[in-house]
Amino acid sequence: MTDRDLSGPEFTGETALEAAPVELKLSFGLWLAEAIFGIFTGVAIAVVAGIIPEVVGIEDDDAAVAVSVLIGIGVFTAVIAVFRIICSVYMLRGRVWARNTLTILGLLGLVGVWSELQTFPGVAIAHALVLLVALVTLYLPRSNAYFRAPFPASVPN
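For the sequence shown, position 140 matches number 129 in my numbering, and the numbering has no gaps at all.
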C-alpha cells in the first residue's frame, strides 16, 4: 500500500471538512440543516404540548396523557435530530456505518414526508428535496472513493 492509497483526515492531518470531497460537504450541510430544523421541531412540539388540552378541550387524565405523549414525541424528535448531527460528523470523516445510518434515517424521513404532504405540501416538497440530495450525494463516485479509502485502524503495520 502506497501513500497515494492512504487518504482521509487521519493520514493527511487535514480537518474532515478539508479532506472530504465537495459532494460530502454538501451532504453534511444538508444533514446538518435538516437536523437543526428537527431540533427546533422537537422543542416546538414539547412546548406546544402544554396548551393542547386547553385548545382541544380535554381535561384531567386525558389531558395529562396527551401532554405526556406530545412531550415524548418532541423529545424523541430532538434526540433523533442530535443523533443525525453525530452521524453526519462521522460521515464527513469517512465512516461507512455513519453513511449507512444516515441512509436508513433518510429513507425513513422520505416515508414520513408522505404524511407531511397531506398537511404542509410546500414544506414536504422542500423536505423531500433536501433528503434526496443529501442521500444521492452520499453515493456519488467521489463519495464512494472517500468511504473506501483505508483508515489507520485498517492499515497493517
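Keep in mind that the hints were calculated from the coordinates and are not lab data. Please note that a few of the clues may not be correct.
[Said to hold, decoys possible] Below, computed lysine to any residue pairings styled on SDA-like, alpha-carbon distance capped at 20 angstroms: (1) Lys14 with Pro110; (2) Lys14 with Ile74; (3) Lys14 with Ala53; (4) Lys14 with Tyr79.
[To be verified] Beta-carbon label-pair distances, calculated as ranges: (5) Asn89 with Ile40: 36 to 46 angstroms; (6) Glu3 with Ala52: 53 to 63 angstroms; (7) Val45 with Pro130: 44 to 54 angstroms; (8) Thr4 with Gln107: 13 to 23 angstroms; (9) Ala22 with Asp49: 37 to 47 angstroms; (10) Glu7 with Asn133: 26 to 36 angstroms; (11) Val44 with Glu7: 41 to 51 angstroms.
For every residue, glycine included, the Cβ atom is placed at its ideal position computed from N, Cα and C.
Consistency of the hints with the structure:
1. Lys14 with Pro110: 28 angstroms, violated
2. Lys14 with Ile74: Between Lys14 and Ile74 the Cα gap is close to 13 angstroms, so the pair holds against 20 angstroms.
3. Lys14 with Ala53: Violated, because 44 angstroms separates the two Cα atoms, which is more than 20 angstroms.
4. Lys14 with Tyr79: 12 angstroms, holds
5. Asn89 with Ile40: 36 to 46 angstroms: 40 angstroms, holds
6. Glu3 with Ala52: 53 to 63 angstroms: Given a distance of about 54 angstroms, which is inside 53 to 63 angstroms, the answer is holds.
7. Val45 with Pro130: 44 to 54 angstroms: Holds: the Cβ-Cβ distance is about 52 angstroms, inside 44 to 54 angstroms.
8. Thr4 with Gln107: 13 to 23 angstroms: 42 angstroms, violated
9. Ala22 with Asp49: 37 to 47 angstroms: Holds, at about 41 angstroms.
10. Glu7 with Asn133: 26 to 36 angstroms: With a Cβ separation near 19 angstroms, Glu7 and Asn133 fall outside 26 to 36 angstroms, so the hint is violated.
11. Val44 with Glu7: 41 to 51 angstroms: Hint holds: Cβ distance 50 angstroms, inside 41 to 51 angstroms.
Of the numbered hints given earlier, the model fails hints 1, 3, 8, 10; all others are met.
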